[in-house]
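Novice: Protein sequences, first through last, are from chains G and C.
This note's numbering puts the first residue of the first sequence at 1, with every later residue one more than the last.
This note's numbering puts the first residue of the second sequence at 1, with every later residue one more than the last.
Quick caveat, the hints were computed from the structure, so don't treat them as lab data.
Since the structure is predicted, the reported quantities are computational estimates derived from the model, not experimental observations.
Using N, Cα and C, we set each Cβ at its ideal position, and we do this for glycine too.
Some hints here could point you the wrong way.
Claimed, not checked - In silico contact screen, one side only, chain G against chain C (beta carbon under 7 angstroms); selected entries:
1) 51
2) 94
3) 114
4) 118
Claimed, not checked - Here chain G is said to cover these stretches of chain C; the calculated rule only asks that three of the stretch's residues, wherever they fall, bring their Cβ under 8 angstroms from a Cβ of chain G:
5) 3-9
6) 239-252
Okay, here's what each chain looks like letter by letter:
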Amino acid sequence: MTAVRCIDLCKTYRQGDQDIKALDHVDLEVEHSGFVCLSAPSGGGKTTLLNAIGGLDIPDSGEVWVAGQRIDQLSKGELAAIRLTQIGFVFQAYNLIPVLTAQENVEFVMQVQGVAAADRRSKSQAILEEVGLKGLEDRRPAEMSGGQQQRVAVARAIVSRPALVLADEPTANLDSKTSDELMELFVELNNHHDTTFVIATHDQRVMAYAKRLIKMLDGRIVEDIEQRAA
Amino acid sequence: MHYVQIIFTLAWRNLWRNHRRTIIMLAAISVGAWAMIFMTSLMRGMVNEMLRDGIRALPGHVQVHHPDYRDDPSVGNLVSLTSAEIDATLAGAGIERFTARIRVPAIISSERESRGVTLIGADPLREKSVAAVGSEIVEGRNLDGPDDGGVVLGRKLAEKLETQVGKRIVLMSQDPDNEVADRGYRVVGLFEANLAAHEEAFVFAGRETVQKMLRIDDRVSEVAVAGDDYRVVDALLAEVRVLMGKDDEVLPWTELDEYLGTMLGVMDGFVLVWVVVIFLALSFGLVNTLVMAVFERVREIGLMLALGMRPSSILGQIIVESVLLLVLGLIIGNLLAFASIIPLKDGIDISIVAEGMEMFGASSILYPEIEKSDVILANIVVLVLGFIASLSPAWQASRYEPVEAITKV
Ligand SMILES: Nc1ncnc2c1ncn2[C@@H]1O[C@H](COP(=O)(O)OP(=O)(O)OP(=O)(O)O)[C@@H](O)[C@H]1O
Ligand SMILES: [Mg+2]
């Protein structure tokens, strides 16, 4: 079964009088329970691709399928429902709601989903402990370091056990030890819950965990390497 | 349903994110609501008193006349029933507050001065149940029955005539045959009235005495009936119409005194205009606050949308935030208004600033009156218009593109 399928995706941005091809005829298929790293130099199209898969951005042409459903023609509301129920996100630039505490941020998606309070509470506490944030549940984002905020974002992305996790530079602000711990958590979810991961990263360390490494350049896939999980 | 909690949490926290802005806005709404209710209650107090005084002065709530009487209030146009018949009919129907009176133009003369006045031939006991003018005796005594041979004058009139209690005056009018009808009376008492003009215009004498002087047997020119509430006279009007002769004209006070009648409507309109004007001033601050708040939160609103929150929930969040602000402001404003009105229950002496107000029928002591309908109106206007004013910023927030919000560095 295929978790993600992209067929001939193109996305062009206009910058001044220049056309930038952020996605240039991208074909990509990710197996259910796949563990894929996207690696590219800055500006290579990683975020654009993740946004297209996550239904946040509509490509100029091509098709996007998630869990067997074509999503690039859905309405905003339908896309929102898919994001809410099927995909966990770690965004590159901005992740947490400033007026909510760490725990409330982790619970946010579950709350919107309608998960009961007690259930939310135990799940969010467990996951915060797993990402090493026990004791920081009541901190607001402004009271946490960049790395701590990042881990809250990761915790939120995986807490409701989505079928697909799209993570954009999830370890950008983390030291090597913490990133290893996070990646091990991802691997474990991948192994035990068949969660599919698509992770955009610059980090060699992260790439080492991937079952499959895809290298992009200027919006094109230039290399697709199967590798064994470390 | 599960959205409700998160929406309220977010709205409430966001409200207190910028303390200063929220407190300033709260203060503005509170003061606005206070001003709406406080000023309205002062105006209400003034107008209600004017109305009640005006109605109590003589008209009652419903009056009966000869159809031509209002054009020509002379002794030729009398009610078709005699006062004995009127007393029997109305009392028989269980109506308690009514009076049948003669009311004709006359000339009053003391040994020094003469003036044109309105002569009221009254039954003083019945009169008291309906009307106020003439009942506040400040010197001497009131008439003691319809057959009393004395007169009661307004204090101002007595001054003008240079007469006083105990002296004699002459009243002169016409009888139905256009012959002069006159009679000497002794001044037995002086009254004061809220309206200066009333003190000069009305002269009270016993009904039977006046009937004899005018040679009109037991006839009267006017019947005044009072009910419980001057705002609700329709039932009373219908009842009196049935009881009185078909030939007579029965009218409510709003038609008898159009000045007073329109005043009630004008006041209701004024309250609405006042409330809306204050709200408009407030709404600029409210909309500005919301637009700023929404603009500052582009990214987190985009984030919530990106995570799968529905745009309608974003809309709801901003509206709830605005309504919370309004409700808080209204609660404070209402409490302030009540807190500042209740100590003034015994009246505010405005005689210093309002000298001469008595000429218009307003007393120099102002009793603020909180009317439930005014308070409800003020609160509803603020809530409903505030809700409408917040729709546009809320709509804008719900239209944010999530991808722009979260990828902007
Ligand atoms: N909203 C936009 N408007 C204009 N150009 C854009 C926009 N978003 C992305 N681009 C351009 O598209 C190209 C791909 O951008 P993308 O963000 O996908 O790169 P990336 O691989 O995620 O880079 P990074 O590692 O820096 O995050 C870049 O050249 C970028 O400048
Ligand atoms: Mg990127």
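Novice: Each hint: holds or not?
Specialist: Hints, one by one, checked against the model:
no.: 1; hint: 51; result: holds (5 angstroms)
no.: 2; hint: 94; result: holds (5 angstroms)
no.: 3; hint: 114; result: holds (4 angstroms)
no.: 4; hint: 118; result: violated (13 angstroms)
no.: 5; hint: 3-9; result: holds (count 4)
no.: 6; hint: 239-252; result: violated (count 0)
In summary, the numbered hints that this structure violates are 4, 6.
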